[in-house]
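Next come the chains, spelled out residue by residue.
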Amino acid sequence: MKLATILQAILLTADKPLSLEQLEGYFAPEEHIARSAIRSALQELQGSCDGQSFELVETASGFRLQTRVAFQSWVQRHHEEKPSKYSRAFLETLALIAWRQPITRAEIEEIRGVAVNASIIKTLLERDWVRVIGHKELPGRPEMLGTTRQFLDYFNLKSLDDLPSLAEMKGLDVDQLPLVLAGA
Amino acid sequence: MKLATILQAILLTADKPLSLEQLEGYFAPEEHIARSAIRSALQELQGSCDGQSFELVETASGFRLQTRVAFQSWVQRHHEEKPSKYSRAFLETLALIAWRQPITRAEIEEIRGVAVNASIIKTLLERDWVRVIGHKELPGRPEMLGTTRQFLDYFNLKSLDDLPSLAEMKGLDVDQLPLVLAGA
Amino acid sequence: MMETGFTPSPVLPPQGGMGVQTEMPFAVVRGEKIVAMPEDLYIPPDALEVFLEAFEGPLDLLLYLIRRQNFDICDIPIAHITEQYVAYVELMKEFNLDLAAEYLLMAAMLAEIKSRLLLPRQAMVDEEEDPRAQLMRQLQEYEQCKQAAGELDTLPRLERDHWLAQTAADFPRLPRPQPQVSLQELLLAFQDVLKRADMFSHHQIRREHLSIRERMTHVLALLQGKAFVPFESLFRLEEGRRGVVVTLMAVLELLKAHLIDVTQSEGAYAPLYVRPVGAVLEGAGI
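Residue numbers (numbering that gives the first Met the number 0), protein chains in the order written: chain A, 0 to 183; chain B, 0 to 183; chain C, 0 to 285.
Just to be clear, a hint being listed does not mean it is correct.
[Said to hold, decoys possible] Taking lysine-lysine and the DSS-like style, the derived pairs with C-alpha atoms no more than 30 angstroms apart in a straight line are:
| hint | chain 1 | residue 1 | chain 2 | residue 2 |
| --- | --- | --- | --- | --- |
| 1 | C | K225 | B | K157 |
| 2 | B | K84 | B | K15 |
| 3 | C | K194 | B | K157 |
| 4 | A | K157 | C | K145 |
| 5 | C | K255 | B | K157 |
| 6 | B | K135 | A | K121 |
| 7 | B | K121 | A | K15 |
| 8 | B | K15 | B | K121 |
| 9 | C | K225 | B | K135 |
| 10 | A | K135 | B | K84 |
| 11 | C | K255 | B | K135 |
| 12 | A | K121 | C | K145 |
| 13 | A | K135 | A | K157 |
| 14 | C | K145 | A | K84 |
Keep in mind that the hints were calculated from the coordinates and are not lab data. These figures come from a predicted structure and were not determined experimentally.
Looking at chain A on its own, in the form it has when it is part of the complex (with noise of 0.2 angstroms):
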């Protein structure tokens, strides 16, 4: 039995990406396999997956097998409803949390104007996507957020260094500010 399809026979029906030494746990001992041997079969693997609906991705907790973007819109109907958009409350709290971790609730909101919407906030601890990695030496010991695994994940991120980076913004003149005084 070659190793590559061993994986994934594996992989096609694990729940959750497995990292390579949980992999590496699903053989007994006396089967001799060593870490290296199941790092190159998953090359193999991958290149086995060239015409196939599928590919194999790593993610921060480890490897899984998905479909292809380019299949979306058929696998998309197994589904009535279309996959929920979030709001852009939502993507706004979860992207300062993400390029900003370790945040407290007070920063989000200081930095977005408005109040944080406490459901969000659940909602993103419940699936697992942000967990509260601390707290703040401050007054009350604010909570401070930060992603999990779990959100690298499903965003399909390695670390949190394959976030995009982010336009730097033009640092400010105050004094060269126009002073248009419209109407005055």
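Put chains B and C on the given structure of chain A with help from the hints.
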């Protein structure tokens, strides 16, 4: 895009076998996919499974891709890991079903203020602690959930009457809980 | 420009799709009657609420006004934008919209900045940070947040762009240890959720209630998959008087909730039948 590969994507993401008619439903009329084309693409798909860890099988209710028996011993190890603890959301959902049955998902959502995670309900059903006891006469005929005998057995209860009432719980001191339960 | 000190500019929500209305009843802004909606501020009154909802908050609105006129954040004509923003907030007030406090705060801040700019330069206290700088920074930060949100939304996402590829494997499951739960944990969870839902004060559920709920579950289970069952078959005499009463109350509760129907065949004293609501429809479909 090859039809056989599209069918592969559909079958790899379906949670049940799909009949020829159902497969046909994945294509829009303007795609002009005849049933005979699907039939021959399925044959092609079957052929392409050579060397893969899975095969195309036709069951009573339709076609599905399944892991070949040869890989059984590895695939079975998915479940060897230690049981994790149930989440807060899981316990709250179970508690609401126990104390407020019959209850619909929407009602649970209303009380908890967040969407009910489908996998929680699935786990509860799989563990035989919860079952669907009917449908509410509302648009969409939502399922009403209630607890089972297995639930009572697990928690050593003779009947739901043995669950502490709200009045008893009110002002209940957490540290005193074991005593209260022991006395019940 | 209008006498109202109102320097309107075309304002439409980012999503667009708003109808243009020509004749409408008008409002009083700053004590001045406005007879016609400013030409380039075509927002039908009914749509104002929708318009407000299209923005995530005061910064979003401000950013929109700035972008709409193609200003770089770094050189916003503060006074100009301030007037526009304040006029806009005023207009919304006229239509009795519940303005979030955040919008009013922003209006106040803009007004403050503008008033400072009108003062001679040296009047600005040195130690205090220039409020313009603070506003710029806030706007820049918010714009970056918007950009990040946009980036996040375009990342390929599981269950939207990709799905887990899975093959079926109905191999006999090796017995799998399940997580353990204690009744105590369950109680605490229930207590928590109720505390959160603030229901303690409103609902006092007595002991009897649970047994009736349990019996409701039983009755519904008995009815499941059946077109109807005889009324008497729901009762178990060996349970005694209390059991019978509980069953009867459960049936009444279910009737009240429109979950079951009770029917009687023709004739006095004819047997009663209980059926789940909608059973007839289901039965016909099978």
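Results of checking the hints against the structure:
{"no.": "1", "hint": "K225/C x K157/B", "result": "holds, 27 angstroms"}
{"no.": "2", "hint": "K84/B x K15/B", "result": "holds, 29 angstroms"}
{"no.": "3", "hint": "K194/C x K157/B", "result": "holds, 27 angstroms"}
{"no.": "4", "hint": "K157/A x K145/C", "result": "holds, 23 angstroms"}
{"no.": "5", "hint": "K255/C x K157/B", "result": "holds, 27 angstroms"}
{"no.": "6", "hint": "K135/B x K121/A", "result": "holds, 28 angstroms"}
{"no.": "7", "hint": "K121/B x K15/A", "result": "holds, 17 angstroms"}
{"no.": "8", "hint": "K15/B x K121/B", "result": "holds, 15 angstroms"}
{"no.": "9", "hint": "K225/C x K135/B", "result": "holds, 16 angstroms"}
{"no.": "10", "hint": "K135/A x K84/B", "result": "holds, 28 angstroms"}
{"no.": "11", "hint": "K255/C x K135/B", "result": "holds, 12 angstroms"}
{"no.": "12", "hint": "K121/A x K145/C", "result": "holds, 21 angstroms"}
{"no.": "13", "hint": "K135/A x K157/A", "result": "holds, 27 angstroms"}
{"no.": "14", "hint": "K145/C x K84/A", "result": "holds, 16 angstroms"}
The structure shown violates none of the earlier numbered hints.
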